[in-house]
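Visitor: Listed below, chain by chain, are the residues.
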Amino acid sequence: MTAVRTHPQGTTPPPRLPVREKSGARDRGGALSPMLTRLAAERATGVLERERGSLYLAEGRVVHAESPLAPGLDVLLLAHGTLAPAVWQDAVDRADEEYGAARLLLDAGRVPRGALELCHLEAVFDAAYFALAPSSTPGHFRYGAGHWLGAVRPVPVDAVERETLRRRELLNRLWPDPLSDGAPLRRSDAVAAPTPTARQSAVLALADGVRTAPDIARELGRQAFHTLVDVRRLAAAGLLTALFPPPRVHHAATAAVPGLPPRHALAESTGTAAAPPSPGITLPRVNDPDITLLKRLRDALEAL
Amino acid sequence: MANTETTLKECLASIEGATGVALVDYTSGMALGTMGGSKTFDLNVAAAGNTDVVRAKMRTMEHLGLKGQIEDILITLNDQYHLIRLISGRGGNGLFMYLVLDAKRANLAMARHQLRKIEEDLEV
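Just so you know, the protein sequences line up as chains A and B, in that order.
So the number in the working numbering is just where the residue sits in the first sequence, counting from 1, plus 668.
So the number in the working numbering is just where the residue sits in the second sequence, counting from 1, plus 79.
The hints are simulated quantities; they were obtained by calculation from the structure and are not laboratory data.
There could be a bad hint or two in this list.
Stated by the list, open to error - Derived DEER-like restraints, expressed as beta-carbon distance ranges:
#1 A:V755 with B:D121: 35 to 41 Å
#2 A:G850 with B:L145: 48 to 54 Å
#3 A:L842 with B:D121: 19 to 25 Å
#4 A:R841 with B:E84: 27 to 33 Å
Nothing here was measured: the structure is a model prediction, and the numbers come from that model.
All C-beta atoms, glycine included, are put in the ideal place defined by N, C-alpha and C.
Work out the full structure, taking the sequences as your base and the hints as a guide.
Guide: Shown next, in the form of structure tokens:
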């Protein structure tokens, strides 16, 4: 039997390709949150707090959603000059149980109803996408808690769940690697890549190896999900890569200790990494253009 | 000044031959509001699918270096017209109105004119 050599003898073998996570595909089958379905059925009022965000319910319908990963309604409204920051702050300060901030703004004629409704709806679905993401910790519900914004346009729970699933599938179809959703991003050189659109160019310009997709969304005053769509399209085109593993500040500091001979510093850093298996040492840099190309090829073949 | 629901209602009520209408965010493909449609015509599916139509046209315009803005896109079927009218939202993202017309009853020129008027009232 002839052994097929994939690399010439005497050279080091190419690094092993990272295995893609399949968890995203598995989770799509089941319900997003059985607890949410139950709360909708019993027409509960309060706030459902989950690992990556919260959903506010009023009589079993979603009235608001928040997530640290999605820019809030304030960012969306203020970034594009729909509302002056002082006017927003004033409404937030004066809001109480009876008159939510939304109603104060509308009654004072500070913002057109259509604009507020749509911005709010988009902010709710944007935050709900993250709040309903698969999590490792159980969510909990606080009965009776309201939100200072007040109700704008309540949305049925099943509509939120359906849209969240549709969004997951859309992202998966664009580019199946979820790494770029949370990792720092940086530009990469692609051969024969399509020209990015104006919106995508704005995202690319902020990809500096430090900012993540949610950071970029906040900076541009755009919905986080919109940014994820652009980021996945750019990743598929080979114009953007996620830094994996994320840069470790601690390591850089150890290696840069003055006075230590380079060899010593190297031995020390590998020594510390050997105790808990560190992804920083064992996995190859996926920003290598060859590996990025191979990954794209593999993903394209798998998608067939 | 109108909210989304009254705008969608107005489309169905005042535009002759209109059978369904949706207001769609074209980056996410989400319908922010729908009205009309039927069991066999799911406006949410139409909304998501037609974002690809808008995206393809926008890309082509960028490739060609055309600086003009798309006002509307018309798709004619043998028995229906589908009219897509682009709107720029204040939230800094693109939206479009998607209108389904019955070809036998509709007056296309009139429908386009009315849709433009309705969009002007919708302050998004």
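Visitor: Hint by hint, which ones does this structure get wrong, listed from lowest number up?
Guide: 2
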